Amino acid sequence: MRISTSLVFQTGLNTINAQQSDLMHLYQQIGSGQKMVTPSDDPLGASQAINISQSQAQNTRYAGNRAVANQNLGTEEDALNSLTNLLVDVRTRLVQAGNGTLSDSDRQTLANVLQNARDTAMGIANTTDGNGQYVFSGSKGSSPAFDAAGTYLGDSLQRNIQADATRQIAGSDVGSDIFQRAQPGTLAYTSAAAAGNNGTAVLGGPYISDRTANPDARYSYAVSFTSATDYTVTVTDHSAVPPTVAAPVNYTLPTNATEMDLGNGTKVQLSGAPATGDAFTVEPLKTQNANIFRTLDNLVAALNAPSQGDDKASAALHNALNTGMQQLASSYDNVLTVRASIGARMNELTALNDSGSQRGLGFTQALSGLEDLDYYQATTQLNLRKMALEGAGLAFQTIQGLSLFKMGKPA
Amino acid sequence: MNLANLGKAGLLVAQNRLDTAGHNINNAATDGYSRQSVLVQTAGATSTSAGWIGRGVQAVSVQRSYDAFLYRQLTASQTRGAALKSYGDQISQVNNLVADRTVGISPNIQQFFDGLDAVATSPADVAARQELLGRANSLASQVRDANAFLDSQRANVNTQIDTTVTQVNSYLDRIQDLNRQITTAKATNPNQPPNDLLDQRDQLASELGQLVNIQVYEQDDRFNITVGNGQTVLGGDTVFHLQVQPSKADPGRLAVNYTVVDSTGKPKPVEMSDSLITGGKLGGLLTFRSDVLDSTQNDLGRLALGISMSINAQHTQGYDPSGAPGTDFFTVSAPKVIENAGNTATTNPDASIQDVSKLTNQDYRLAYDGTNYTVTRVPDGTALGTIPNGGNATFDGVTFDTAPVAGAATGDSWLIQPTRAAAGGMNVAITDPAKIAAAGWDATANGGAGGPAGSANGDNALKLAQLRTQKVLGGLSGSPAGQGSMGLNEAYSQLVNNVAVKTQSNTTAQKAQSSLIQQNVAAQQAVSGVNMDEEYINLQQFQQQYQAAARLIDTASTLFDTLLNLRN
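Those protein sequence lines, which keep their order, are chains D and V.
Just so we're aligned: 170 in the numbering used here is position 170 of the first sequence, and the numbers increase by one with no gaps anywhere.
Just so we're aligned: 928 in the numbering used here is position 517 of the second sequence, and the numbers increase by one with no gaps anywhere.
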C-alpha cells in the first residue's frame, strides 16, 4: 500500500493532537480535583450530583431550622421554668393565708406578694424573643399575649418549624394554653361560694365519688340552700351541645355532715354551717377559663377584704382561697404538662440533629464518590499519557527522517 | 536512422515522465491533488522479413490516479464529520454553561428555598424576608442569564447559517466556473483529460460537501449538484443560489431557501425544512438548533414557569404581616403566539397556561382547515386534537383559545411557544419585604369567621418551602391537575442530563467519524497520494531512461560516423 507523504505528516499531527487533548483533559481533572470536567464526561453522574447536592443543601437548611426551633423552645422553657417556680411560691403563700391566726394586715401583706407575683407572671406571659416578637401570642407575634386585665390577645396558632423533610415541630406554645387552660384531661372540680352568702359554710375538695355515674367530669352543679340542712342541686350536663340543665333535685344534709352529696357521683367536702339562701357552685375545671391572672386577681381581692373576727367574711375568704388553690393546682399541672411537651420536642430535635448529620455524611460521601478524582489513578494516567505523547513525537520524527531525498541526491 | 529516432522517442518519453514526477513532487502537499503518471505504450513495429522491429515508445496520455468510489466515500464521511463537528462546537458551549453545579441555577434554586425556609422559621424577621427577596432576585437573574446565553447562541447560529450559505453559494459559483473551464479544455483537446482542473473541481465539491450535504451527478463533463432531497442548486450552466430568510412560521428563526423558477420565469425562493439539510456544517448547525437549543431553552422556560407559577399559586394563598392577601411573587412571560407570514387572519388566537405540571418542552402548531383548528406538537409532530372555530381546548396544560381570531382562512397557522420566552421574562414582582405572604389562614379568628394569621405565623411560608421537593412539573396527560413527576431541581438536573448525554454521544460519534475519515483518507491517499520516496525512485529511473536514450543517439551517431569513415 502506498503511504502518501502528506498522510505521514497528517497522521503524525493527528496522533499528537489526540495525545495532547487527552493530556489536557487529565490536566483539567487534576487541576480541579474533579472527575467530571463537564457534565458530558458522565451525564448521569452530573444530574445525580445536582439532586444529591440539593438534598444536602436541604439537610443543612433543616439543621438551621432546628437550631432556631431549639433556641425558641429554650427561650420558652426558661420563661416557663420561672413561671413554675412562681406558682410553687404562690401556692405556699396560699397555704400560709389559710392560717386563721393571721390578721387583716398580715393578709394585706400577702395580697401585696400575690400582686407582685401576678405582675411577674404577666411579664413572663409577655416575653419577647430576639426579633421583639411576643413568644406566647400565637401567630400575632407583634401584639402582647395578655393585656393588663389578663385577657388573651393572641390566637391559637402555634409557630411551626420545618425540622426535617417530613416533620414540622411547633417552635412555640400559645399563651392561652399556658396561662388560661386547665391541665388537659383533668377530672378535677373547683368549688366556689356565691358572694353574699350568710352562713359560715366552707366548701373544699370536690371529687368524683362514682366514676360510672360521672365518667368524665361532665356535670357542673349549682347548690342552693333552702334551709340550714336542705339544699337543691341543679345539674348541667356539659357533654351535650348545648349543655342541658336538669330539674333541681332536693337533698338533706345528714347531721354532722362533713361531705355534701351533689348527685351524679360527685361529692364535696363541707365545713361550717350554711344559711338559708347560700349558694355554691361546683364546676369541672375543664369547662372553666382557668386564667392564672384572674385567679390571682380574685385571691388578691379576697385577701384584701377584711375578715378579722367576722365568721361570715372568714368563710368567704376560705371559700375564695379554696377556689384559688384548686385553680392554681390545675394551672401548675398544666404548665408542667406544657414544659414536658417542650422537653419532648427538644429531645426530638436532638434526635433529628443526629440523624440529620448522619444523612449529611452520607450525602457528602455520595457526592465525593460521584465527583472527586482518584489522584493515584490520575497521576498514573498522566505518566502513561506523557509517555505516549513522547512516543508519538519520536515516532513521527523517525519516520519523517527516513526520506530517500535526505539519504542521497540523484546522480 | 531508426536508432536515432528510437533515442529521440525515449528522450521525449523520459522527459515527459520526469516532468510529471516533478509535478507530483511539487504538488505532494496540495489538497485534492491526485498523483499523475504518464501512460506510455510501444510505438508499434515495422514489418521486416526478419520480423517486426519495434519503433520505440510513445506517451499516450497523462492520467491521474483517481478512484471515484474512494473519493465519494471520503467526501461522504467528511460531510458527516463536518456536521458532527459544528454540532459539537455549539453544544459544548451549552455543556460548559451547565458544567459547574456549584454555580448557576441549581444552587440558586436551593438558596431561594433556603430563604423561604428561613422566613418560615422566623416569619417576623425582616432580615430573613429581605434576604429571601435578594435570593429570589438572584435566582431570577440566573435563569435570565442562562436564557440570554441561549439567545445569544441562537443569534450566533443565525449568523453562522447566513455565513455558511454565502460560502455555499460561492463554492457553487466556483464549481460552475470550473465546469466551464473543463468543457472548454475538453473542446480544445478532446482526447486528453484536464487532470488538474478535474482535481480542483473535485476538491471544491469536497469542500462544499463539508458545508452542506450535496449530491453530485456528472453529466457531459459537468457537475450537477443537488441539496436536500433533490433541490437543484447547480444544473446545466445555471447556479440556483441558496438564500437565507426568516422562516414563515417563525420569523425569529432563519431558514434556508432554495430557488425555483416560477411559471413567469422569475426565480422564487422556497423554504426548505430544516430536517432536509442533514450533513455538513449547515446540517450540524440546524440540527443543533432544533435538537439542543430549542429543547434546552424550552426546558429552561418550563423550569422558570414551574418555579414562578407554583410559588405564585401558593403565595397568593397567604397573607402578609399587615393581613393583606399575597400577590404574585414572580412575573413570567405569557406563551408566545407567532402568526405565519402568510396568514390572512387579522388577529391571533390566545394561549394561556392552565396547568404548569403538564407542560412539555414542545412548541405547538395551530392550523385552520376552514372549520376546525388542529393542534400539533412541534417538533415531535404528534397530533393532539381539533378545536372548533371559536372554541377553546386544553392540551398539555396549555389552553388554546380561538375565539379572538378574526378573518381566518383555510391554511392559516400559528406557532405557539408556551415555554420558550418564559425564562427570559422571569422577574421578582415583589420589592417590599413586608409584602411576602408568609402567614396562613386562621380559621378560628374573629369568633370562628376566620381571618389572616398574625405576623409570627409562617404556615404559608412552610408550604412555599415545601415546593422545593414537590413534583410540580412533568405530569402525564392523564394525571390529575398539579401532579407532576419532577421536582424543580430535578427538572434542572434533567436539563443538564439531556445536554450532557447529547454532548457525550456527539463526542463519541465525532471520534468514531474522525477515525473513519482517517481510514478513508489513507485508502484514498494510497491511490492518489504522492509518496516522495516513490518519486525519488521514479526520478532515478527516468533519469536513467533519459541517459540510456541519449546513449542510443550517441550510438547512432557513432554508427553513422563509422559509415562515413569507411570512405577515408
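Hints are computed from structural coordinates only; laboratory data are not their basis.
As the structure is a computational prediction, the values presented were derived from the model and not from experiment.
For glycine and all other residues, C-beta sits at the position ideal for the given N, C-alpha and C.
Careful, some of the hints might be misleading.
Unchecked claim - Here's a subset of chain V near chain D, in silico, CB distances under 8 Å, partners left out:
| id | residue |
| --- | --- |
| 1 | 467 |
| 2 | 846 |
| 3 | 850 |
| 4 | 866 |
| 5 | 907 |
| 6 | 912 |
| 7 | 914 |
| 8 | 918 |
| 9 | 933 |
| 10 | 944 |
To be verified - Residues of chain V placed beyond 12 Å of chain D at every Cβ, according to the derived structure:
| id | residue |
| --- | --- |
| 11 | 507 |
| 12 | 753 |
| 13 | 915 |
Let me make sure I understand: some of the numbered hints might not hold for this structure. Which ones are they, in numerical order? 1, 2, 11, 13
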